[in-house]
Amino acid sequence: MKDIEISFFGPGIGECIVSHLGNNQWMIVDSCLDPSTRAPIALQYLNQKGVNVATDVKLFLISHWHDDHISGASEVLRACKSAKFVCSAALRCNEFVTLVSRYQSRSMMISSGVDEFAKIIGELESRSKSKKVIIGPDTWALADKRIFFLPNHGIEVFTLSPSDAALTHSFSSFAKLIPTLKSTKNRVIDLYPNHAAVCVWINLGKDLKILLGADLEVHREDSFGWKAIFTSNTRPAGKALVIKVPHHGSSNSYLKEIWTELIDPDPIAVITPFTKGEKPLPTDLDLKNIRQHSKRTYCTGSRTGGKHIKRDSSVEKTLKEFAKSHRVVTGKMGRVTVTFPDSANITGVQVSIQDPAHRL
Amino acid sequence: MYSPEEVRFDPGQVSEETQSQRQGERGKDTDRNVLWLGPPPFTLHKRTESSSISLVTGQREPDMELPNRIVVRLPFPPPTHRFKLLQQWEGELIEIKNEECTAILRDMSHPENPIEEITFSVAEISSSDISLAVPGSIFYLSIGYYDRIDGQRLRTASIRFRRLPAWTMSDFKRAEEEAEKIKGIFGLTKEIRSVERY
Numbered sequence: 003m004k005d006i007e008i009s010f011f012g013p014g015i016g017e018c019i020v021s022h023l024g025n026n027q028w029m030i031v032d033s034c035l036d037p038s039t040r041a042p043i044a045l046q047y048l049n050q051k052g053v054n055v056a057t058d059v060k061l062f063l064i065s066h067w068h069d070d071h072i073s074g075a076s077e078v079l080r081a082c083k084s085a086k087f088v089c090s091a092a093l094r095c096n097e098f099v100t101l102v103s104r105y106q107s108r109s110m111m112i113s114s115g116v117d118e119f120a121k122i123i124g125e126l127e128s129r130s131k132s133k134k135v136i137i138g139p140d141t142w143a144l145a146d147k148r149i150f151f152l153p154n155h156g157i158e159v160f161t162l163s164p165s166d167a168a169l170t171h172s173f174s175s176f177a178k179l180i181p182t183l184k185s186t187k188n189r190v191i192d193l194y195p196n197h198a199a200v201c202v203w204i205n206l207g208k209d210l211k212i213l214l215g216a217d218l219e220v221h222r223e224d225s226f227g228w229k230a231i232f233t234s235n236t237r238p239a240g241k242a243l244v245i246k247v248p249h250h251g252s253s254n255s256y257l258k259e260i261w262t263e264l265i266d267p268d269p270i271a272v273i274t275p276f277t278k279g280e281k282p283l284p285t286d287l288d289l290k291n292i293r294q295h296s297k298r299t300y301c302t303g304s305r306t307g308g309k310h311i312k313r314d315s316s317v318e319k320t321l322k323e324f325a326k327s328h329r330v331v332t333g334k335m336g337r338v339t340v341t342f343p344d345s346a347n348i349t350g351v352q353v354s355i356q357d358p359a360h361r362l
Numbered sequence: 005m006y007s008p009e010e011v012r013f014d015p016g017q018v019s020e021e022t023q024s025q026r027q028g029e030r031g032k033d034t035d036r037n038v039l040w041l042g043p044p045p046f047t048l049h050k051r052t053e054s055s056s057i058s059l060v061t062g063q064r065e066p067d068m069e070l071p072n073r074i075v076v077r078l079p080f081p082p083p084t085h086r087f088k089l090l091q092q093w094e095g096e097l098i099e100i101k102n103e104e105c106t107a108i109l110r111d112m113s114h115p116e117n118p119i120e121e122i123t124f125s126v127a128e129i130s131s132s133d134i135s136l137a138v139p140g141s142i143f144y145l146s147i148g149y150y151d152r153i154d155g156q157r158l159r160t161a162s163i164r165f166r167r168l169p170a171w172t173m174s175d176f177k178r179a180e181e182e183a184e185k186i187k188g189i190f191g192l193t194k195e196i197r198s199v200e201r202y
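Line by line, the protein sequences are chains A and B. Mind the numbering: the first sequence is residues 3 to 362 in our numbering, read in order. Mind the numbering: the second sequence is residues 5 to 202 in our numbering, read in order.
Simulated from the structure, these hints should not be mistaken for lab results. We treat Cβ as the ideally placed atom computed from N, Cα and C, and that holds for glycine. Incorrect hints may have been included.
Here are the simulated SDA-like pairs of lysine to any residue, each with C-alpha atoms no more than 25 Å apart in a straight line [claimed, not checked]:
1. A:K121 - B:R110
2. B:K101 - B:P139
3. A:K326 - B:H114
Covered stretches of chain A (in silico footprint by chain B; criterion: 3 or more residues with CB under 8 Å from a CB of chain B, positions within the stretch not fixed) [claimed, not checked]:
4. 120-131
5. 311-317
Make a model of the complete structure from these sequences and hints.
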């Protein structure tokens, strides 16, 4: 198989990217569940394609530990036995370990990203036992680090973040989430913003480069987020033809210089929506920013959430009286797939979409 | 003999000691300080070794014939309503802003349904639950019919926050063992950890 494929999935909350790097080398970035089957979409998709996930998935990367990027990740890791597991180096600290271990010990709460990460650690422990040597994550992602290389095929994968400053900052951020004595055992809340998220650069040839923006945001300091990537002189060279727009297209993640210096003038941009919260992402203003750089912009799902659930009329009436707003946040699993006949032929690019994914 | 259900008395007549006994030692057969009911009009008595003392008048009544021991329960008010549940969700509070709460809902009545999001006024939360309403807290949202004893039916939506336990030292100690294991898997050796402290 010479063709290159990048498939983006996103049902409204959650995202996952499955990529064929060529020559039966597959890579998975993040994990989410198919709302209809509750199975990790990456495994479901690859199994449908007849890919042997145990041998052909070479790389599994978790960009950060939030629920919407990590659901079902432990199952993916278990199935992809020969995949290198990569996660942010920001997680390799006492603060994050304490956070995971404390929340892991309470089993009564609804699950969170921390719970899923605890399951991942369980998988890593199993790998260690079977190989009789301690195997943590195979690679700790850091700025400008090559994490995968196939010299004969010209395939390289780099991580562009987190920066050193983001790494240091994340330790104190994790510390703030650690529960204290006598505090209530509530669910752990997500850590924002996402300066420790792992942004990925895939180099598949002279003209074919892909940028996966994770949930990385822009910070006022040059040493954090997208400014750190832009100002870095050790990052891989070139301009990306395909971009997974960072942080669901939010204006917090928009840096003009990234679009002009790191991205091709006519890129294929894919957004995974985030339908939770006061302002579902991307907003119309966010789209305006993105569209000025890309005429080929796609979204993997509905920006407003899923279809209204029909209930008993008494329930509907009461809910209407009680709630100021109410909506379904997860919809059907949409998919945007970008394929190239091979890494040297970028003119033969094709984009296919699966409902409710759409072109913007 | 009169059954416990027939007993009526003013709880204010019972001393703190006897109230706590009644709650803490209900069903226990102890020799001392057992509650008794005197003869009609059913004043409460506390038995000592050879006599009983009226808890109302405080007077010793040595010759009173002690009745068989009975359990005294505070009278429960009769039910004034019945709740017929139509729909229930488990919610997780995400944000409280401008007197409005935003929460994620998971349908408990139909678990196959997708995740929903709701915004409602803080005023919908009862005063007994308001202190529990913080980001990350878990609640139940129930919609149903409230059938009153007088025959009235009200359609209501009610929010009840879960009374989750607090973190204890033993929770943390258990977690420490787990943390040591994870530190091993993450390669956080003792040397590295001691350097991190500086």
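Practice task
Could you check the structure against the hints above and give me the numbers of any it violates, in ascending order?
Solution key: Per hint list: zero violations.
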